[in-house]
Every structure is written in C-alpha cells, then in structure tokens.
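2 protein chains.
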Amino acid sequence: MASRRSIFYPAAEIYPNSPAGFWDFGPVGQAIRRKIVEVWRHEFVQKESMLEISGAQILPVAVFEGSGHVRSFADPVVRCLKCKRYERADHLISENIKKIVPESLPLEELEELIKKNKIKCPKCGGDFGKASKFKMMVETLVGKLDERKTFLRPEACQSIFLSFVRMVKTMRLKLPQGIAQVGSAFRNEISPRQAIARAVEFSQMECEVFFDPAEMDAVDGWEEVRGCKVRLLGLKSGKVEEIKAEDLVKKKIVPGRLIAYYLARTQQLWNKLGIPLEKMRFREVAKEERAFYSLATFDFEVETSLGWLELIANNYRAEYDLSGHMEHSGTNLEYAKEDGKKLIPHVWEISAGVERTLFAVLDASLKEGKEGDYFALNMKTAPFDCGIFPLVKKDGLLELARKIERELKDEWLEVFFDSAGSIGRRYARADEIGVPFSITVDYESLKEKDVTIRDRDTTKQARVKVGELKDVLRKLKDGEINFEKL
Amino acid sequence: MASRRSIFYPAAEIYPNSPAGFWDFGPVGQAIRRKIVEVWRHEFVQKESMLEISGAQILPVAVFEGSGHVRSFADPVVRCLKCKRYERADHLISENIKKIVPESLPLEELEELIKKNKIKCPKCGGDFGKASKFKMMVETLVGKLDERKTFLRPEACQSIFLSFVRMVKTMRLKLPQGIAQVGSAFRNEISPRQAIARAVEFSQMECEVFFDPAEMDAVDGWEEVRGCKVRLLGLKSGKVEEIKAEDLVKKKIVPGRLIAYYLARTQQLWNKLGIPLEKMRFREVAKEERAFYSLATFDFEVETSLGWLELIANNYRAEYDLSGHMEHSGTNLEYAKEDGKKLIPHVWEISAGVERTLFAVLDASLKEGKEGDYFALNMKTAPFDCGIFPLVKKDGLLELARKIERELKDEWLEVFFDSAGSIGRRYARADEIGVPFSITVDYESLKEKDVTIRDRDTTKQARVKVGELKDVLRKLKDGEINFEKL
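Chains as they are written, first to last, in our numbering: chain A, 72 to 557; chain B, 72 to 557.
Heads up, a few of these hints could be off.
Which copy? The list can't say, so a pair holds if one copy fits it or any two copies do.
Derived pair list, reagent style BS3-like, types lysine-lysine, alpha-carbon separation capped at 30 angstroms [unchecked claim]:
| no. | residue 1 | residue 2 |
| --- | --- | --- |
| 1 | 451 | 474 |
| 2 | 480 | 541 |
| 3 | 245 | 465 |
| 4 | 480 | 245 |
| 5 | 438 | 240 |
| 6 | 474 | 408 |
| 7 | 118 | 474 |
| 8 | 201 | 220 |
| 9 | 464 | 413 |
| 10 | 531 | 118 |
| 11 | 350 | 321 |
| 12 | 451 | 480 |
| 13 | 541 | 474 |
| 14 | 191 | 451 |
| 15 | 464 | 412 |
| 16 | 474 | 343 |
| 17 | 300 | 474 |
| 18 | 245 | 464 |
| 19 | 520 | 546 |
| 20 | 408 | 464 |
| 21 | 451 | 343 |
| 22 | 187 | 520 |
| 23 | 548 | 480 |
| 24 | 204 | 186 |
| 25 | 322 | 300 |
| 26 | 169 | 155 |
| 27 | 245 | 315 |
| 28 | 155 | 201 |
Hints listed in this document are in silico derivations from the structure and should not be mistaken for laboratory results.
Given only the sequences and the hints, what does the whole structure look like? Please build it.
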C-alpha cells in the first residue's frame, strides 16, 4: 500500500540502479510524518519547555574527533569471496543464530562465529573473507579547493552539544534543561534494508536533557508520572514487566527520577501517536551491546510486522559529549551554578527515528475493512482532517463543495477534495490513507445548507449544518466531542 | 542581535577554523523559520491544493547528468596569486564596477574585465591568476565500497521532477498541478558571505507547477488576482512599475495567465510574511543572465540592509527537466490527457530561499523602541504567541502563572515563561525577539482571576479574565479582534 498510494518510495526510482537506502515521501507519507513531528514538538518540546534548535547537517572533521566518531564509528563487515558483496558481520550472525550479537565484539570473534556456524553468503552461497571495520560516516567534499573533507552528521544531537554553551550564555539556560532538534542524519549502512527502517539518510527527533547529576531527582512534574507503569524488558527478568516509574527509581533499575520521568513521558507520547501499550517495551541494553558513550541504555522498541523495531535510543550519555568537545575544541563548556560551583552537565538522550515511528504508526493502524485494508490513524496523525466530496459535479454541487473546502482551509484545517468516481470509491480511497471523516455535499445540501459527515471507523453518518462544520471538526479533532454525539 | 539572541550563529563555532557557509538556528530563529514555512504551506501548498512531497537529499550521479548539472553547474572563479584565496569572478567584478556581470560570461571576458578594471584581491591586494570553473555540487561518498560517488542535491526541485510520473500514476494528478517541497539544498559556494543569505547548506520552499502550455491561460482563481498590481522591474523600463496581473498578460510581459497568477500570489504571500510592498520587486532577468534551463525568469527581490536580495527564483523551466530525465533515465515521463494526446508538461517554478526570507523578514521588521531595537514581527511569524510573567515568584503568583502557561500550551498556543528580573526587563527581552503580547500575573490576578495583557507595539495594556485568555489570544492571532478593542 505504501507504494500504491506513494506513502514512501525509493528515491530516484526512475533511474536504473539508484543506490538503496534513500527514500522519498509522497503527499500522504509526508503529511503523516509532519503530523508525527508536530505532536512530538507539542508534547515534548513545548510542554516540557525545551529549546528547539536546528543545526547544519555538514560539520567539520574536528567535531567528530571530539565526539569520538572518527575513532569508533565503524561497523564490522565481511565480504563474500565469491560475489564480492558486503554484509554487516553482527547482523549476519544474529540472523543465522537467532541471537543478538553485539557489534562491539572483536573482529576475530565475529570471524570465529561465522566459521563455527558455517554461515555462507545469503545471495550466492559463497564463503566470507576476513572481517573488517567499515567507516559509517558519510564524507562530503566542500569549501575551498584545498581542505575539503567534512562529514554529514551521523546523529543530529551533535548540533545540540555544539550549541550548548551558547544556550547557557544567550538563553539564560538553567539546569535541568532539554534542548531538542528534528533533522536529518546520515549513516553509511552497508546493507540498507527493512524499507524505511534502515536507510542511509533518515531523520531524528532528538531531545538532549542537560542536568546536574547531583540533582537528578529534582524533576518538575514527577507527581504526574510517578504512578505511570513503564513497560520494561529487564536484563535480569528477560520478560516485559509493568513497573511504576517510582519503583524504577526505588529498585535502582534507573539511576534517578529524571530518567524514569522521561521513560514514562516517552511511553505516553508514542501511545498518543497510535502505538498500543501492549506493542511497546523499553529494552534494557547490556553494557557490551550499548553505544560506546552510554552509561545506561533503554531501547524503546515496538512490535511491528518486521519484528521488534527500535524506534528510540534512550541513552544516559553522562558528560561524555561535552567533555570530548571541550577537550578537542579548547572551548570551556562548563556550566556555572548559582553558588559558583562549576560542572560538566550530564545528558539524558531521547533519540527517536522519524521514519521508524512513521513505519510503526502505519503498521499498528493497519486494519481490515469491508472495502479492503485501511490505516485507522487517529486524528493527531491522519494526513488530512477530512475529505470533501460533491455527490455530482453539476447543479451547483461542485461550487458549494469548493466553497466549503475554502472555508475549512481558511481555518487551517487540512482537507482534500475529490470529485472523481462513485461516492463509495471516494470513501474507500479516503479510508485507505487514514482520513477520519468524509464530507459529502448532495442535493439536500443546496436546500438545507447541511452536509453528510461520515466516520471512517464506524462508517456511520450524520448531518451537520455547513455553518457549524468547522467547529464540529475542530471539536472532533480536539476530542471535545465524539462522533456518536453528532 | 542575531548573535546576541542566538537567532542564528555559525555552525560548530566552538571549534577554531570551522568552515564558513554553515549556520545553526537557535530557538528564536528556528521558531520564526518554522512559522515562515507554515504560512507558505498554508497559503501555497494547501490553499492551491498542491501535493507536498519530501525527497532524499543525496541523489545518484545519473540524476544530475539528466538534470544538466554535471555538465553546466559550475561557478567562474579566480585565485589570488599571492594569498591563494578564491573569489567568484562575476561577483568580484560586479562589486567593483557596480554593475551586474552575468556568470555565464566566457572565462576570457571575465579575465579581461579584471585586467581592464585593475581589480586586486580584496584581502591582500595581490593579482589574480587565470579564471576557471569551480564545480558547485557537493560530492558525497556513500554505499558499497566500490561505486560510492553521489551528490547532495543543489536544488530541492530535482526530487519533484523525479517523483512527477509517480504522482501521475498514483495520485491521479491532473494538469495543471503544483508539487511542492521544503528541504535542504547544498552548493559549494566559493565565498560564502552575507551571513545566512549565501550559505553552502540552505533550505528552499519550492513549488513546481506542471501544466499544458496550450492551456496556460486556464487558471482557477484568475478572477481573484487579475486586478492585483504586480511590482515589476522590467528589462525595458529599467524602473519598478505596478502592473495589473491581467496587463502583464495583455502586454505579453509574461507568456500566459498562469505565470501572472503566481507572480501576484507570491507578492501577496511575502507581503503577509511582513515584507512591505514598497520593498519588493520582480526583476525581469535577461537571457544571458538566466539559469541555463529557463525561458523566462522574474527574480523576486527585497530591499534589505544588504541591498536588494533575491529571495525567490521564478523560472519558466518549460519541459527542460522532464525531457532531460526522460532521456537519461529511459523512463517515459509523458503525461496522457483525457483525449489521449501525450505531452511533456511545462513547469513554472517558484523557488524560495527559507533563510533569505527569514533574513528579509527580520530586516524589514527591525524597529527602534524606547528600550532599544526590536523586531516588530506580525503574529504569523512571531516566534511565540505570548510571554507569561509572574510579577513575583512568591505568594502563589508563580503557580498561577505556570497554570496559565499549561492551559495555553494545551490549546497549541506557543508561549514562553519568564520569571527572572524586573517586569520592565522581561518586557524588553520579549519585545526584542518580536513576541507580540506579554501577560503579567500580579496580586490582583489572585483575587480577580484576571491578568494584564500588554501589546508590544503600543505598550498599551488591558485586563483579561484568565478563563477568556485563550479565546482572546486566538482571536488576536486570527485578526478577528484588534488590541484597541480589548
């Protein structure tokens, strides 16, 4: 359906042999993706009073020496001796032995595992050669003709760390404070796959919360989440348990309230986006499997048709990033508290994949209907607020429908117009892409100045006065009324 | 002020010698930039029923062979023989002789002009060597280890041309139809300068309107704009004249109504963003100065403190792009009309720079106030809808102010909270970044359940009941009431 309705499709697909791992988003996919970002901005950035910045995607090499990426950001790969194809060594082994293999395993151990399990090339059956490290950052050549090497950022958050001291100085930043950003990142995936879930170019919604580790338990809003049951796949238990946020702290599963707070808020937000609670979990990640900079990691995973998919990396990056940039840049990145005490703030990171969230939201909303499958998207993520359909194009119905379209658009409602084919076909096309309401303009509309509004999920219909339409849609969207009440 | 309030600042500025031409946008700048995009999306994409897509930024080399960029997208440069610095030859000469020099001039003529006008290196006074062509596309190395060269797109529109045939097949596209996109583009500027107005990495809001040239005069909504006076700097007249849209067509200044329509709509939209009519013009561009693909070009320019700045390239690209991609990709990109006739649609392009628009909007709104300069941004582009200030932090005022903050945020109003310093200082800080209204919670608020709302431009104040605040702000924002009425 993604391809048929152009929700997403391979970039430059009209050219033969365009590289894998790049995707375009059509009008429906882009609208849903934008809505997801808007909900995240509303719930996280604005309600949590975070600062939202937007940084350059291309950054100098020195930045990635400071961040550690030049040294350590490389994937273990093996190459088929026969067809010359490269594979991610850890993924290849994981898929064969059905067990997670940490990417940080020494190359010799990976080679050993391939040999021991007799793993052959999945494409041609050939043997694999020695394992090596494949640099994952995408190199760019810019600027003056002489010194041109730069990198596309492999994670959007680096722009946040680079901006931190400026926020302290010019935005009167006081700890704890979140800085957020939505933007692209680029990773030289050796084998892009799983559609939009593992691409070279992708977007992230990131929050980096800076705090004083001595005050990790001082969290505004703690009362609101302390009883929230967080779905945790613990390292010890090996199964998903629902644990109250306050118990995560008491049982020392997390190092402090701030982390429990954001785990709970994250769970609530992705639930609002349309992911059912029973399909989500935070997977506690063992030290050897964690990113090199993280003191604690809880991957937020969602069960999809691709299996459990990691949507969000929740990392306790501590002072790793600011320390590294301070050392390599020579700029003092310390924060001075009101009492004069200086410290390098710690960081809790909530790094969410936009396209993975899109995939999971679509996947979770896919339902079987009488007229075929459709996305039962909620009103927050639906690509349009409603469709507008004149029953026929003649006798003034087209004009009235266009007039209603204009009025609703003036109110910043997002609507689309469809006058082609039978009403049934138009309903089905709108249902399929998740439009919650369809409005039909018929002959009665001319006399009675009202229209039919149809609910996607129940297919029930109601008559609403044209003059009240914008208020009714607004109230349905805000959840002030439900369709039954109409 | 941009730097002091972190509206924008150089990317990776904490590292010495970070390359020029890359910018980060702080919370205020990013908010205004986002609002500009939202207004454009509302007025152009949604009201004109365009399809909005979002394409990959990295594209294969073959795409740019099809688009002509590999062959022709290069800037003429000269290098100082003494300090080894590169300069754009055409810009260097233009600045020296105060006359526009087309970049398409043969290299020998550029060298001749430098010699004739005795132009020396502006940095060290040295002589310049021979002129050469500098490739403007930013190269990226991705994918498999073998064939890795790709390019970052130098103009966002290529994603639109690549998606066109898919839109026809899956979105039931009928001509005329606009396809829009907002996204980044990258150009290897030899001398990035003028702050954010000429960067290597920048963003564009682009509309490509596809149409049948035989039906160029069939434009929905023509009646609404035919009388609109378009400010044109014509090639012949050499001065700005206000010409009705319908006269642009009658006098054959533009090839058809569709182009006059979009010139008028563009002028209206940028006026809504806050650019006064008297500071804008469409500059008709001579053939030798136009981009190689354009049959007609009207640069939309705005007078700023940097001089006349081009915000939008309006190009009649005709069938250039689709033909090129059809030939190079081998994919048929023809459009079949209802009568069976096939054609390569023509394209009218409205390619607007996001950061240049941001710069012009800030520049046009800068006013002198009693407490210092401030941005008199309108409510559409202001970074926040209002500020909320408790008079003091004690006696329950802080709590009441926080409660009001939460309620307004729940209504999707964008507000910020400030409890530090005197009320006067807080007003001044909010005024400076263009916040239109400041709300003060004082002792009376506790008893009377009302607050003071202060208008930035007049500094007048009114009392409003807390319960009515969200409606009042919404109405002020939508222009349903004005402050005087309060």
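Going down the list of hints, with the structure as the test:
1. 451 - 474: Both, since 25 angstroms and 24 angstroms are each at most 30 angstroms.
2. 480 - 541: both (10 angstroms within a copy, 21 angstroms between copies)
3. 245 - 465: Classified as between: cross-chain Cα gap 19 angstroms, same-chain 63 angstroms, threshold 30 angstroms.
4. 480 - 245: So residue 480 and residue 245 pass the 30 angstroms test across copies only (21 angstroms; inside, 40 angstroms).
5. 438 - 240: Between copies, since 25 angstroms is at most 30 angstroms while 51 angstroms is not.
6. 474 - 408: between (59 angstroms within a copy, 27 angstroms between copies)
7. 118 - 474: Classified as between; 12 angstroms across copies, 36 angstroms inside a copy.
8. 201 - 220: both (29 angstroms within a copy, 25 angstroms between copies)
9. 464 - 413: between (71 angstroms within a copy, 26 angstroms between copies)
10. 531 - 118: between (35 angstroms within a copy, 29 angstroms between copies)
11. 350 - 321: within (26 angstroms within a copy, 63 angstroms between copies)
12. 451 - 480: both (17 angstroms within a copy, 16 angstroms between copies)
13. 541 - 474: Classified as both: same-chain Cα gap 13 angstroms, cross-chain 28 angstroms, threshold 30 angstroms.
14. 191 - 451: Answer is neither; intra-copy 46 angstroms and inter-copy 60 angstroms both fail.
15. 464 - 412: between (73 angstroms within a copy, 24 angstroms between copies)
16. 474 - 343: between (33 angstroms within a copy, 23 angstroms between copies)
17. 300 - 474: between (48 angstroms within a copy, 26 angstroms between copies)
18. 245 - 464: Classified as between; 16 angstroms across copies, 60 angstroms inside a copy.
19. 520 - 546: both (20 angstroms within a copy, 26 angstroms between copies)
20. 408 - 464: between (68 angstroms within a copy, 20 angstroms between copies)
21. 451 - 343: Result: close both inside a copy and across copies, 8 angstroms intra and 28 angstroms inter.
22. 187 - 520: Neither, since 75 angstroms and 75 angstroms both go past 30 angstroms.
23. 548 - 480: Both: 15 angstroms inside a copy, 16 angstroms across copies.
24. 204 - 186: Close inside one copy (18 angstroms), not across copies (53 angstroms); limit 30 angstroms.
25. 322 - 300: Intra 14 angstroms, inter 71 angstroms, cutoff 30 angstroms: intra-copy only.
26. 169 - 155: within (25 angstroms within a copy, 58 angstroms between copies)
27. 245 - 315: Intra 29 angstroms, inter 55 angstroms, cutoff 30 angstroms: intra-copy only.
28. 155 - 201: within (12 angstroms within a copy, 45 angstroms between copies)
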